[in-house]
Amino acid sequence: AQSVTQLGSHVSVSEGALVLLRCNYSSSVPPYLFWYVQYPNQGLQLLLKYTSAATLVKGINGFEAEFKKSETSFHLTKPSAHMSDAAEYFCAVRYNNNDMRFGAGTRLTVKP
Amino acid sequence: NAGVTQTPKFRVLKTGQSMTLLCAQDMNHEYMYWYRQDPGMGLRLIHYSVGEGTTAKGEVPDGYNVSRLKKQNFLLGLESAAPSQTSVYFCASRLHNDGPSQFFGPGTRLTVL
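Those protein sequence lines, which keep their order, are chains A and B. Every letter in the first sequence is one number past the one before it in this note's numbering, and letter 24, counting from 1, is 24. Every letter in the second sequence is one number past the one before it in this note's numbering, and letter 71, counting from 1, is 71.
Derived from the structure by calculation, the hints contain no laboratory data. We put the CB at the ideal spot given by N, CA and C, even for glycine. Some hints could be false.
[What the hints assert, rightly or not] Label-pair distances were calculated between CB atoms; the ranges are:
| no. | chain 1 | residue 1 | chain 2 | residue 2 | range |
| --- | --- | --- | --- | --- | --- |
| 1 | A | Q42 | B | M27 | 17 to 27 Å |
| 2 | A | E64 | B | K9 | 30 to 40 Å |
| 3 | B | N73 | A | Q42 | 45 to 55 Å |
[Unchecked claim] With the C-beta cut set under 8 Å, the calculated list includes, among others, these residues of chain A facing chain B:
| no. | residue |
| --- | --- |
| 4 | G8 |
| 5 | S9 |
| 6 | Q42 |
| 7 | A104 |
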């Protein structure tokens, strides 16, 4: 079965530190890959997406993610965390037109 | 543009009651989706629609029905609510030829007692 795994349900970093949120997917076919952010009591906002163009994808708010086919990974990074980055982050994969699978989410806490 | 809107924002039901959640989008999107979000499980697709008058089952369709009578609206119905349907429900939409991105509504928090 196709699945998305986010390693770590909760990640805590200090302000200014590197943010690394991990996502692995199961697939033999290169999919579409996404990272979404959810702030409290809000819907999901698209951070970035991979659509088989460049393997390093830049998104909003200084985030980027690298697609590594050999590792079936799509980890999200940001060089320097800001307090406003505290939120829940979801990795998602779409294999065909309507089969979109989400990871369980990673809650990012940023300490001052 | 309002984007994707959902009505209501909150609702409390008793077991066995029925209700309908409304999703509306003003972006002329063909595809619309209903998801539920539960702690530690991400979002799971309930039903979706690829156009007016069409609907299809997603990953967790049992206990729900949907209708897409108008292109801009996608309704999610619970005929006989159960406590297991306590969740946050999100609607999403996208253009069929606009790549893979989905736009999400703000969510409806439903509690079934």
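Against the structure, the hints:
The supplied range of 17 to 27 Å is met by Q42(A) and M27(B), whose beta-carbon atoms lie about 18 Å from each other. Take E64(A) and K9(B): their Cβ atoms lie about 33 Å apart, and the range 30 to 40 Å holds. Taken as a hint, the range 45 to 55 Å is violated for the pair N73(B) and Q42(A), whose Cβ atoms sit roughly 22 Å apart. Interface restraint check: G8(A) against chain B, minimum CB-CB distance 12 Å, threshold 8 Å, status violated.
Annotation: S9(A) was flagged as interfacial toward chain B, and the flag holds, the nearest CB pair being 7 Å apart, inside 8 Å. With 8 Å as the threshold, the beta carbon of Q42(A) comes within range of chain B, its nearest partner Cβ sitting at about 6 Å, so the hint holds. Taking 8 Å as the C-beta contact cut-off toward chain B, the hint placing A104(A) at the interface holds, the least distance being around 5 Å.
The structure fails hints 3, 4 (numbered hints given earlier, in ascending order).
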